[in-house]
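Chemist: For the record, the sequence lines run as chains A and B. Letter by letter, the first sequence follows residues 2 to 387 of the numbering used here. Letter by letter, the second sequence follows residues 23 to 205 of the numbering used here.
A hint or two may mislead.
[Claimed, not checked] A few chain A residues that face chain B, going by a derived Cβ cut-off under 7 Å, partial list only: (1) T25; (2) L38; (3) R40; (4) M41; (5) R44; (6) H45; (7) A303.
[What the hints assert, rightly or not] Below, simulated DMTMM-like cross-link-like pairs (lysine to aspartate or glutamate); rule was C-alpha separation at most 20 Å, straight line: (8) K15(A) with E110(A); (9) K203(B) with E148(B); (10) K42(B) with E34(A); (11) K38(B) with E34(A); (12) K161(B) with D151(B); (13) K203(B) with E27(B).
Hints in this document: simulated from the structure, not taken from any laboratory. Don't be surprised by glycine CBs; every beta carbon is placed ideally from N, CA and C.
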Amino acid sequence: MPDLIAALLISLLKAVLVVLGLLTTFAYMTLIERRLLGRMQIRHGPNRVGPMGLLQPAADAIKSIFKEDLTVTLADKLVYTLAPIVAIGMALTAFGGIPAGPAGSLFGENPWVYNLDAGILALLALTSMGVYGIFLGGWASGSKYPMLGALRSSAQMISYELGMGLSILGLLMLVGTTSFHGIVGWQAQNGVLILFQSLGFALFLISSFAETNRTPFDLPEAEQEIVAGYLTEYSAIKWALFQMAEYVNMITASAVMATLFLGGWKGPQFLNAVIPGVSDWPLVWLIAKIAFFLFLFIWVRATLPRLRYDQLMRFGWKLLLPLALANTVVTAAFLAFRGSGGLWFLGVLSLAGLLALLLMSDRVRVLWNRPTVRRPESEAVRAGGD
Amino acid sequence: MGVLEIAKGMGVTLGKLFQKPVTVSYPEQRATLQPRFRGRHVLTRHPGQRPGELGLEKCIGCSLCAAACPAYAIYVEAAENDPANPTAPGERYAKVYEINMLRCIFCGMCEEACPTGAVVMGNEFEMADYRAGDFVYAKEDMLVGVTGSLPQRREAARSGKPVRLGFQLEGPPRAELEGVKYP
Chain A
2 MPDLIAALLI SLLKAVLVVL GLLTTFAYMT LIERRLLGRM QIRHGPNRVG PMGLLQPAAD
62 AIKSIFKEDL TVTLADKLVY TLAPIVAIGM ALTAFGGIPA GPAGSLFGEN PWVYNLDAGI
122 LALLALTSMG VYGIFLGGWA SGSKYPMLGA LRSSAQMISY ELGMGLSILG LLMLVGTTSF
182 HGIVGWQAQN GVLILFQSLG FALFLISSFA ETNRTPFDLP EAEQEIVAGY LTEYSAIKWA
242 LFQMAEYVNM ITASAVMATL FLGGWKGPQF LNAVIPGVSD WPLVWLIAKI AFFLFLFIWV
302 RATLPRLRYD QLMRFGWKLL LPLALANTVV TAAFLAFRGS GGLWFLGVLS LAGLLALLLM
362 SDRVRVLWNR PTVRRPESEA VRAGGD
Chain B
23 MGVLEIAKGM GVTLGKLFQK PVTVSYPEQR ATLQPRFRGR HVLTRHPGQR PGELGLEKCI
83 GCSLCAAACP AYAIYVEAAE NDPANPTAPG ERYAKVYEIN MLRCIFCGMC EEACPTGAVV
143 MGNEFEMADY RAGDFVYAKE DMLVGVTGSL PQRREAARSG KPVRLGFQLE GPPRAELEGV
203 KYP
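Please build the complete structure, drawing on both the sequences and the hints.
Modeler: Listed below in C-alpha cells is the structure:
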C-alpha cells in the first residue's frame with residue numbers, strides 16, 4: 002500500500018512538473034515568437050519589460066489575470082466557462098504520455114507521466130477532444146461570429162484529423178506498435194522514421210499546422226472575416242487559457258513529430274563515438290527537437306499568409322487525404338510483398354510520394370478549382386454589372 | 023511549382039532574421055527628421071544691430087495668421103509700440119500671441135499668411151503633457167532661442183539637465199527659421 006501511494010505521489014509530482022514546464026514554455030514561447038516575428042520583419046520585438054523583454058510574459062500574465070472578465074448576457078454561463086478549461090485540460094493531458102528519456106533516467110524515475118500501449122492513439126484522441134473546447138466556446142458565447150468561427154474550425158480540425166491519423170498509419174504498420182517506447186526503440190535500431198516515411202512526415206507536419214490552428218491554417222481566428230472567431234467574446238484569463246491551449250497543442254505536436262519521425266528522446270547514434278552514452282541523455286534531445294519544430298511553426302507564421310476557407314478544405318480533402326491513403330496502401334503493399342527487401346526501398350517510394358505531393362500541390366489546383374457549373378457568358382456579364 | 027515559391031519566401035524571412043532591425047528606438051535614439059517637417063511654431067526675430075544683441079520681433083500683431091488658421095488655434099492681441107523702446111518695427115507688436123497646440127493641425131497656413139515671416143513652423147514635436155491648459159503656448163514659449171516644449175523645459179528644470187530633443191535634422195534647419203539651432 003505505501004508503495005502505491007508513493008508511486009501515486011511521484012506520478013502527481015511529475016504531472017505537476019510537466020504542467021509547469023509546459024506553461025512556462027508557453028509563456029516564453031509567446032515572447033520568443035514575438036521577438037522572432039519582429040526580427041523576421043526587420044524590427045525589434047517587445048524589448049521594454051525587463052532586460053531584453055524577458056519579463057514580458059509575467060506582465061502579460063498579470064494583465065490577463067486582473068483584466069475584467071466579461072461574460073456576454075446571452076452566453077450559456079456554464080459551458081462558456083467550461084470551454085477554455087476543456088481546451089487547456091485536453092492539451093495538457095496529451096503531453097504526459099511522451100517519453101523524454103530511457104526508463105528510470107530521471108532521478109531513478111521514468112521520465113514520462115503515463116505510459117500507454119496505445120500511446121499515439123490516446124494522444125490523437127486527447128488532442129481531438131480539444132475541438133470541443135473551440136466548438137463549445139463558440140457556441141456558448143451566444144454571438145454570431147464566434148458561432149461561425151467555431152463551426153468552421155470544427156470542420157477544419159475534423160477534416161485534418163483524418164489526414165493526420167491516416168498519415169501515420171503507414172508508420173504504425175511498419176513499426177508494429179502504437180506505444181511511443183516501441184516507436185522510439187524501433188528507430189534506435191533501424192534509423193529514424195523520417196527516412197522511410199518522408200511523405201507521411203510531410204503530411205503529418207501539414208496536418209499539425211492545421212490541427213493547432215497555426216498559420217497558414219489559422220482560419221478560426223481570421224480577423225478579416227469573423228472578427229476573432231470563437232475567441233471574440235472571450236476576455237481576460239479565459240482568453241489566455243485558449244491561447245495557452247493553442248501553444249501547448251503546438252508543443253505537443255512538436256513532441257509527437259519528434260518522437261514519431263526524428264527518433265524521439267534518443268540522440269543520433271554516431272555521437273556516441275565522441276561522448277559515450279550521449280544519445281541516451283534524457284530530456285536534452287527531445288527538447289532540442291521540440292525547439293526545432295517550434296521554430297518551424299514561428300518561421301512559417303512569419304512567411305505564409307492565411308488560406309481561404311475553400312482552399313483549406315480542398316487541400317485537406319482532395320490532396321492530403323488521398324496522399325495519406327496512398328502512403329498507407331504503398332506501405333502496406335511493401336510490408337506484404339517485402340520478402341527480403343531492405344527498408345531503403347520504402348524510403349525511395351516515400352521520397353517519390355513526397356515529390357508527387359510537391360508537384361501536385363500546384364498542378365492539381367487548376368483541375369479542382371474549375372467551377373462545375375458555368376454560367377453562359379451573357380448572364381455572367383449581366384450579373385457582374387453595376 | 024508552388025512549393026518552390028513557399029521555399030523562396032521562407033528563405034527571405036530567414037535571411038531577414040539576421041538583418042539589423044531598421045527600428046529607431048525612439049526615446050533612446052533620436053529620430054531623424056527632414057528639415058521641412060512641420061512641428062511646433064517658432065516666432066522669429068530680426069537680426070540684432072550688434073552681434074550678440076537680440077533683434078526686434080518680426081511679429082507686428084496683424085492677426086493674419088489667426089485669420090488664416092483653419093483650426094482657430096491662434097489668438098493675437100496687438101498693442102502700440104513704445105517709440106523709445108520698440109518691441110517690433112512699425113507701429114504695433116503682439117502683446118499676446120498664443121497658439122493652442124491641441125487645436126493646431128500643423129498645416130502651416132499661418133506661416134504662409136504671415137506678411138513679415140514672423141511665425142515659422144519649427145521641427146520640435148514632443149509636446150505631450152498632462153493638462154489641456156498647458157497646451158496653450160504663449161509668446162515666451164515660442165520665441166527664437168527657446169529650446170524644447172513646455173513639458174520638456176519643466177522636466178529639464180526639475181532634473182537640472184539641459185533639454186534633450188528626441189530628433190535630429192538631416193542637414194541644417196530651413197532658412198526661414200532664422201537663428202534657430204537644434205542640438
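Chemist: Hint by hint, note whether the structure agrees.
Modeler: To see whether the hints hold, each was checked on the structure:
Below 7 Å, beta-carbon pairs count as interface contacts, and T25(A) has none with chain B, the closest being about 24 Å; its hint is therefore violated. This hint is violated: L38(A) has a C-beta 9 Å from the nearest C-beta of chain B, more than the 7 Å allowed. At its closest, the beta carbon of R40(A) sits 5 Å from a beta carbon of chain B; the interface hint therefore holds under the 7 Å criterion. The criterion of a C-beta within 7 Å of any C-beta in chain B is met by M41(A), whose closest approach is roughly 5 Å, and the hint holds.
With a least beta-carbon distance of about 5 Å to chain B, the hint placing R44(A) at the interface is held under the 7 Å criterion. Taking 7 Å as the C-beta contact cut-off toward chain B, the hint placing H45(A) at the interface holds, the least distance being around 5 Å. Hint on A303(A) holds. Least Cβ distance to chain B is approximately 5 Å, under the 7 Å limit. About 9 Å separates the Cα atoms of K15(A) and E110(A), which keeps this hinted pair within 20 Å; it holds.
Distance restraint check for K203(B) and E148(B): the Cα-Cα separation of roughly 16 Å lies within the 20 Å cut-off, and the hinted pair is therefore satisfied. The suggested pairing of K42(B) with E34(A) holds, with an alpha-carbon distance near 18 Å, which does not exceed 20 Å. With a CA separation close to 15 Å, the supplied pair K38(B) and E34(A) stays within the 20 Å bound. For the hint pairing K161(B) with D151(B), the CA-to-CA distance comes to about 18 Å; that is within 20 Å, so the pair holds.
Using a Cα cut-off of 20 Å, the hinted pair K203(B) and E27(B) is violated, with the two alpha carbons roughly 52 Å apart.
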